[in-house]
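Colleague: Generate the whole structure from the sequences, applying the supplied hints.
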Amino acid sequence: MDKVICKNCSAENTTRSKYCKYCGYELPKVEIVSEDNNIPEKKNGKSDNKKKIAGIVAIGVITFFITFSIAFYSVQYLFPNHSIDNDMMSVASGINKTCPIMVDSETRLDNTIALPDKVFQYNYTLVNMDKSDVDTLSMKNYLEPIIINLVKSSPQMEFQRDNKWTLNYCYKDKNGLHLLMLVIKPEMYAE
Numbered sequence: 019m020d021k022v023i024c025k026n027c028s029a030e031n032t033t034r035s036k037y038c039k040y041c042g043y044e045l046p047k048v049e050i051v052s053e054d055n056n057i058p059e060k061k062n063g064k065s066d067n068k069k070k071i072a073g074i075v076a077i078g079v080i081t082f083f084i085t086f087s088i089a090f091y092s093v094q095y096l097f098p099n100h101s102i103d104n105d106m107m108s109v110a111s112g113i114n115k116t117c118p119i120m121v122d123s124e125t126r127l128d129n130t131i132a133l134p135d136k137v138f139q140y141n142y143t144l145v146n147m148d149k150s151d152v153d154t155l156s157m158k159n160y161l162e163p164i165i166i167n168l169v170k171s172s173p174q175m176e177f178q179r180d181n182k183w184t185l186n187y188c189y190k191d192k193n194g195l196h197l198l199m200l201v202i203k204p205e206m207y208a209e
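Using the numbering used here, the first residue of the sequence shown is number 19, and each one after it goes up by one.
No lab work stands behind these hints, which were simulated from the structure alone.
Keep in mind that a hint or two might mislead.
[Claimed, not checked] Lysine-lysine pairs mimicking PhoX-like chemistry, simulated, CA-CA at most 25 angstroms apart:
no. : residue 1 : residue 2
1   : K36       : K69
2   : K70       : K39
3   : K170      : K203
4   : K203      : K182
5   : K21       : K36
6   : K25       : K36
7   : K70       : K36
8   : K69       : K47
9   : K136      : K190
10  : K170      : K182
11  : K192      : K136
12  : K47       : K70
13  : K25       : K69
14  : K21       : K47
15  : K115      : K192
16  : K136      : K115
17  : K190      : K115
18  : K149      : K182
19  : K25       : K39
20  : K136      : K69
21  : K158      : K136
22  : K136      : K203
23  : K39       : K69
24  : K170      : K158
25  : K47       : K36
26  : K190      : K149
27  : K21       : K39
28  : K170      : K149
29  : K47       : K25
30  : K158      : K115
[What the hints assert, rightly or not] Pair by pair, the computed Cβ-Cβ distance ranges are:
no. : residue 1 : residue 2 : range
31  : D128      : Q174      : 12 to 22 angstroms
32  : S150      : N181      : 35 to 45 angstroms
33  : P173      : E205      : 46 to 56 angstroms
Note that CB positions come from ideal geometry on N, CA and C, so glycine has one too.
Modeller: Have a look at this one:
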């Protein structure tokens, strides 16, 4: 190990010491010479500071990516309905490509809408009926059990059943006036 001589008391100290261990006098600064090129190496110089800053920046970047990843996957885990909403929009878009379409001689499917909270709406027009001629209570009592049975048993409704969608069936008369909205909730069609 290299030694440094104190100029005050002539005691030997290690090169790591800043002050003399015997008299407390400040020791001269020592430059360590590299054996390869006899080029002095500075201790605790600017290059060390740059390395520290680079290390801190690297740790910051890594911490950011870890935090971002945890946050992203947490949101995906905690709010999985995003994919269900996309599925609902895809189903609505697919059906709407064929609309308007006559379901029977009285009923036309105009379009479908994917709504928030897993609600899917079918919009129908009763093409030969006028609002003044329709008993909406009788219509509801007639249509609701038929629609519930259809949702329970139709293979085409399996995806909706499995994902527990609320299904709205909105009916208008031939003039576009609202007649009736049937709301079929999952507990109504669950087996």
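Colleague: Are the hints correct? Go through all of them and say.
Modeller: Hint by hint, here is what the structure shows:
1. With a C-alpha separation of about 23 angstroms, the suggested pair K36 and K69 falls inside the 25 angstroms cut-off, and the hint holds.
2. For the hint linking K70 to K39, the alpha-carbon distance of about 30 angstroms lies beyond 25 angstroms, and the restraint is violated.
3. The straight-line distance between the Cα atoms of K170 and K203 is roughly 12 angstroms, inside the 25 angstroms bound, and the hint therefore holds.
4. Of the supplied pair hints, the one linking K203 and K182 holds, its CA atoms being roughly 8 angstroms apart against a limit of 25 angstroms.
5. Among the hinted pairs, K21 with K36 is consistent with the structure: their alpha-carbon atoms are about 12 angstroms apart, no more than 25 angstroms.
6. Straight-line distance between C-alpha atoms of K25 and K36 comes to about 13 angstroms, which keeps the hinted pair within the 25 angstroms bound.
7. Distance restraint check for K70 and K36: the Cα-Cα separation of roughly 22 angstroms lies within the 25 angstroms cut-off, and the hinted pair is therefore satisfied.
8. A hinted pair counts as satisfied when its Cα atoms are at most 25 angstroms apart, and K69 with K47 qualifies at roughly 22 angstroms.
9. Pair hint K136 plus K190 holds up; C-alpha atoms about 23 angstroms apart against a cutoff of 25 angstroms.
10. For a cut-off of 25 angstroms, the pair hint linking K170 to K182 stands: about 11 angstroms separates their Cα positions.
11. Straight-line distance between C-alpha atoms of K192 and K136 comes to about 29 angstroms, which puts the hinted pair past the 25 angstroms bound.
12. Between K47 and K70, the direct Cα distance comes to roughly 23 angstroms. Compliance with the 25 angstroms bound is thereby established for this hinted pair.
13. Under the criterion of a C-alpha separation no larger than 25 angstroms, the hint pairing K25 with K69 is inconsistent with the structure, at around 34 angstroms.
14. The hinted pair formed by K21 and K47 meets the criterion: a straight-line CA distance of about 12 angstroms does not exceed 25 angstroms.
15. Simply put, K115 and K192 have alpha-carbon atoms about 22 angstroms apart, close enough for the 25 angstroms limit, and the pair holds.
16. Straight-line distance between C-alpha atoms of K136 and K115 comes to about 21 angstroms, which keeps the hinted pair within the 25 angstroms bound.
17. Between K190 and K115, the direct Cα distance comes to roughly 20 angstroms. Compliance with the 25 angstroms bound is thereby established for this hinted pair.
18. Simply put, K149 and K182 have alpha-carbon atoms about 32 angstroms apart, too far for the 25 angstroms limit, and the pair is violated.
19. A hinted pair counts as satisfied when its Cα atoms are at most 25 angstroms apart, and K25 with K39 qualifies at roughly 13 angstroms.
20. Our distance criterion of 25 angstroms between C-alpha atoms is broken by K136 and K69, whose separation comes to about 54 angstroms.
21. For the hint pairing K158 with K136, the CA-to-CA distance comes to about 23 angstroms; that is within 25 angstroms, so the pair holds.
22. Taking the CA atoms of K136 and K203, the gap is near 10 angstroms; set against the 25 angstroms cutoff, the hint holds.
23. For the hint linking K39 to K69, the alpha-carbon distance of about 31 angstroms lies beyond 25 angstroms, and the restraint is violated.
24. Pair hint K170 plus K158 holds up; C-alpha atoms about 18 angstroms apart against a cutoff of 25 angstroms.
25. As the CA atoms of K47 and K36 are separated by approximately 8 angstroms, the hinted pair is consistent with the 25 angstroms bound.
26. With a CA separation close to 8 angstroms, the supplied pair K190 and K149 stays within the 25 angstroms bound.
27. Restraint check: the Cα-Cα separation between K21 and K39 comes to about 12 angstroms, which is no more than 25 angstroms; the hinted pair holds.
28. Between the alpha carbons of K170 and K149 the distance comes to roughly 30 angstroms, so the proposed pair goes past 25 angstroms and is violated.
29. Between K47 and K25 the alpha-carbon distance is near 12 angstroms, which keeps this suggested pair within the 25 angstroms criterion.
30. Taken as a hint, the K158 and K115 pair is broken in the structure, with Cα atoms around 28 angstroms apart against an allowance of 25 angstroms.
31. Checked against the hint of 12 to 22 angstroms, the C-beta distance between D128 and Q174 comes to roughly 19 angstroms, which is consistent with it.
32. Separated by about 39 angstroms at the C-beta atoms, S150 and N181 satisfy the suggested range of 35 to 45 angstroms.
33. In this structure the supplied range 46 to 56 angstroms is violated for P173 paired with E205, their Cβ-Cβ distance being about 21 angstroms.
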